[in-house]
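Trainee: Listed below, chain by chain, are the residues.
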Amino acid sequence: MGYSPGTFFLQNLFNATMLGGLYALIAVGYTMVYGILRLINFAHGDIMMMGVYFAFYAATIIYAPPLLAAIIAIAGAAGLGFLIDRVAYKPLRNAPRISALITAIGMSFFLESFAVVVFGAIPKSFLDVFKDKTILNKVLLVGGARIPLLTFLVILITAGIFVVLFWIVYKTKIGMAMRAISMDIPTTSLMGINVDMVIGFTFALGSALAAASGVMWAMRFPNVYPYMGFMPGMKAFIAAVVGGIGSIPGAIIGGLLLGFIEIFAVAYFPNFSGYRDAFAFIILIIILLIKPSGILGKKAIEKV
Amino acid sequence: MMENKTAVMENKTDKGTKGLLVLDHVTMQFGGLVAVDNFTNEVKEGELLGLIGPNGAGKTTVFNVITGIYYPTKGKIIFDDIDITPLKPHQITHLGIARTFQNIRLFYDLSVLENVLVAQHHEISNPDGDRILLHHGKPAKNYQRFWLWRAITKLGYLKKEREMLERAKELIEKVGLAHVMYEKASALPYGEQRKLEIARALATKPKLLLLDEPAAGMNPKETEDLMEFIKKIRDEFDVTVFLIEHDMKVVMGICERIIVMDYGKIIAEGTPEQIQSNPRVIEAYLGKEWKHV
Amino acid sequence: MVEKKLSNKTKFWLTIAFIIFIGFLLWLADRYFDDYKLRVLRLIAIYGVMAVSLNLINGITGVFSLGHAGFILVGAYTASLLTLSPEQKAMSYLFGIQPWIEKLHADFFTATIAGGIAAAIFAFLIGWPVLRLSGDYLAIASLGFAEVVRIWANNALSITNGPLGLKAIPEYSNTWWTYGWLLATVVFIASLVNSSYGRALKAIRENRIAAEAMGINVFKHQLMSFVIGAFFAGVSGSLYAHWLTTIDPRLTTMGPMLTFYVLIMIVLGGLGSITGAIIGAAIFAILFEWLRDLEQPFSFFGIQVPGIPGMRILTVSAIFIIVMIFWQRGIMGREELTWDNLIKWSRKLASLSRKRGEG
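From first to last, the protein sequence lines stand for chains P, R and L. Numbering-wise (the numbering used here), the first sequence opens with residue 7 and increments by one. Numbering-wise (the numbering used here), the second sequence opens with residue 38 and increments by one. Numbering-wise (the numbering used here), the third sequence opens with residue 1384 and increments by one.
In case anyone wonders, no lab produced these hints; they're calculated from the structure. Model, not experiment: these values are computed from the prediction. Cβ atoms here follow ideal geometry from the backbone N, Cα and C, with glycine treated the same way. Some hints could be false.
Not close to chain P: a few residues of chain L, all C-beta gaps over 10 Å, as computed [to be verified]:
hint	residue
1	Thr-1393
2	Phe-1416
3	Ala-1473
4	Glu-1485
5	Leu-1575
6	Val-1610
7	Asp-1631
8	Leu-1697
9	Arg-1717
10	Ile-1726
11	Ala-1733
12	Lys-1738
If we take Cβ atoms under 8 Å as the criterion, some of the chain L residues that face chain R in the derived model are [said to hold, decoys possible]:
hint	residue
13	Tyr-1580
14	Ala-1596
15	Ile-1599
16	Leu-1725
Capping the alpha-carbon separation at 20 Å, the derived lysine to aspartate or glutamate pairs in EDC-like fashion look like this [claimed, not checked]:
hint	chain 1	residue 1	chain 2	residue 2
17	L	Lys-1727	R	Glu-220
18	L	Lys-1603	R	Asp-165
19	R	Lys-242	R	Glu-82
Given these sequences and hints, build the entire structure.
Mentor: Here it is, written out as structure tokens:
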């Protein structure tokens, strides 16, 4: 459409970075929980969806301004994540791992159908959250490419969140406790650390990041519906696996990689745009076959 | 009568000269860690060989390399004149090496009988192993084909099933587990679980039996029974036994020859008497233990 | 502990008698049930085939596959494309159709077998990569393949008619076909499980490394179980399509949701039990139909409550989570409803009541 190849590339570069960052935010939640409990929290994508609904209703019912709505979403999702762990996963800590996985699948469908029942199955427009839509429509010109201001904002906020996340994980006491229990739960509990609290905090932190990602997601793709968390959730999990599950930098790399592949594959091979959602799975399968431990994951040697 | 006996004896010593399993400069490396370093030795047919060494010396890794769980970084493993280095665990078992595990690995939700029956399954379903046997000019063990089809339709299968069942029951009686034949493996006391693991390994009809710390966690009485048991199965089932053990009483009591490892290397080899008086061994390993005694 | 056991011959004839008895009940139902009840009755059998086949993979072999909906979808599309007449196909394909697909035509039985074979081939192809993984990774990868095939069905307009799906599929899945296939599935899978192969599969479930050390080619056995399970999933897909009469590749019809339903059935019935899978399927089908009322408008103490869509799945997933937390072994655990067990249990019950009577 009159774009030079350079601007076309630039346009997609920004889109890819944004999408990848959003995947990465969700992926971090998967990777932290998996690192500690060896559990794929299937419901993680649905927590993101719930977060978006929280923001939506905060804005439309109590007329919260967008920033407050986002904070409500993040806090609500964090609480929800904590609650889900307490109610559904904690009783199964000593059960076979597959039981917890099955429960997580059940939890995912529970949240989806809960959203259908309470919020309705009909998609809602997230743009209703904003009374003042000028910020949404602002476009910047970068090297000839028209980049929405929102894309910049999303990328910046995502980067900021990651800085805070690294600070929490690597510089605070609770972060140290999280890293410790991902190595060895029994020993950590002997050190006088309340393991359940730390696990609960991990769930809350991961859910908060997912909600943050969800709110930004909904600003760019404003369709809000109960199953909206499924695909981003799946892809984010794949991102976590691709990057090396258990590793936070890995999740970020995996998320960005997935975002780039998805955007650029569709951009340069428009015929395959219908298969957009299939790319992630194909990448997953390839990665798992070549390097099952992921890009930054450590190879686990099975002890016999 | 006398003559006959000496003939048998001679036969045994004759067998004893042939290397059933030959490890030729086997090295196993995990990243920077050399778990097994240039291991060269052989297991002679019919012998009862012990492998000892301090914790982390690489003993279990030797077993894992032999049974194909790990692929050695360097070296060659020859079993019964066949190079088994590149083979997979199920093929190696089919050729005649069976093992037990340091941390018991039974099929806990299956009965004792089923545990033993599973070990016979390779006789009807291991074309991979047979291909290797045939390639080396040895007779195949799956004498018929299309077993899956037979098993589902039951055509020409029930006779085999009966045969397997009889053999399993006989074996269970021989090892003294008949009273718990239909119990789940998880319901067995520790000592009997160890015994069942050996029985299960024997059911694969091995020529070489690898026992990984069979006496671990046993009380003195159980240990004594186990020593008798190992000697008994060696003679009754005509297998060669290669065992890892921490309990010096067991090793010194039943092994004819002992290999000592430390830091992945063989540091000594010989009869129990020779090992007990070997200064290097005492320094590396026995020294500490001996002080306790 | 001396147990009197029935001879194999007696058990065989008892089973035959039982099947004839069930057949008679089905005949009665077929005559006197209304259409709605008959549809539910048939759905039980279709779910039964799905559950028994998934149970072979997940419960007996311990391969935690979440790709069942993919196999069902492959079977459903293959069979439906064969039973739909060329005229109907020409009519419903708005974007044109591959001529060879338009011409394909077969009777219901052949179509169902073809559906099973197509699903089995699909399973064979994806089994090579998927079964190299373990545990959770395997679960996600199998789910991924199921999604890929669903997305493909959504996009391959000239083959599957894309998002429009297939309509006016003849309602061939009557009581006899559905229950006939359920019988065939159970007989086939039970006789596999009760053979040396079945023991090997259970051994793999219990301890993969020990199974390998006992001379079992773990990968090949898992693949065999995967392919056989997929075949019957494909068959169930065909039955399902000819029961639904319209199919489409939406997330909710033949996507992960369906896998989740089948998973509920086998967990409820007891992972690893064939009879448990059937019981689970029956309970699920009936419960799910019964809960339909929740989504209809109803009056509650004179107050009109409007129908709430989604209540069914909400209730079912809540029940499912509760079952997982408090009652993991499900109804049957890993036990089977066999004649021997029936006698054993009734004896136990009798001695228990006697003791109670004495006390």
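Trainee: Against each hint, give a clear statement of whether it holds in the structure.
Mentor: Here is what the structure says about each hint:
{"no.": "1", "hint": "Thr-1393", "result": "37 Å, holds"}
{"no.": "2", "hint": "Phe-1416", "result": "30 Å, holds"}
{"no.": "3", "hint": "Ala-1473", "result": "23 Å, holds"}
{"no.": "4", "hint": "Glu-1485", "result": "22 Å, holds"}
{"no.": "5", "hint": "Leu-1575", "result": "22 Å, holds"}
{"no.": "6", "hint": "Val-1610", "result": "18 Å, holds"}
{"no.": "7", "hint": "Asp-1631", "result": "15 Å, holds"}
{"no.": "8", "hint": "Leu-1697", "result": "4 Å, violated"}
{"no.": "9", "hint": "Arg-1717", "result": "13 Å, holds"}
{"no.": "10", "hint": "Ile-1726", "result": "31 Å, holds"}
{"no.": "11", "hint": "Ala-1733", "result": "34 Å, holds"}
{"no.": "12", "hint": "Lys-1738", "result": "33 Å, holds"}
{"no.": "13", "hint": "Tyr-1580", "result": "5 Å, holds"}
{"no.": "14", "hint": "Ala-1596", "result": "6 Å, holds"}
{"no.": "15", "hint": "Ile-1599", "result": "6 Å, holds"}
{"no.": "16", "hint": "Leu-1725", "result": "17 Å, violated"}
{"no.": "17", "hint": "Lys-1727/L - Glu-220/R", "result": "15 Å, holds"}
{"no.": "18", "hint": "Lys-1603/L - Asp-165/R", "result": "11 Å, holds"}
{"no.": "19", "hint": "Lys-242/R - Glu-82/R", "result": "15 Å, holds"}
Hints 8, 16, counting from the list given before, are not met by this structure.
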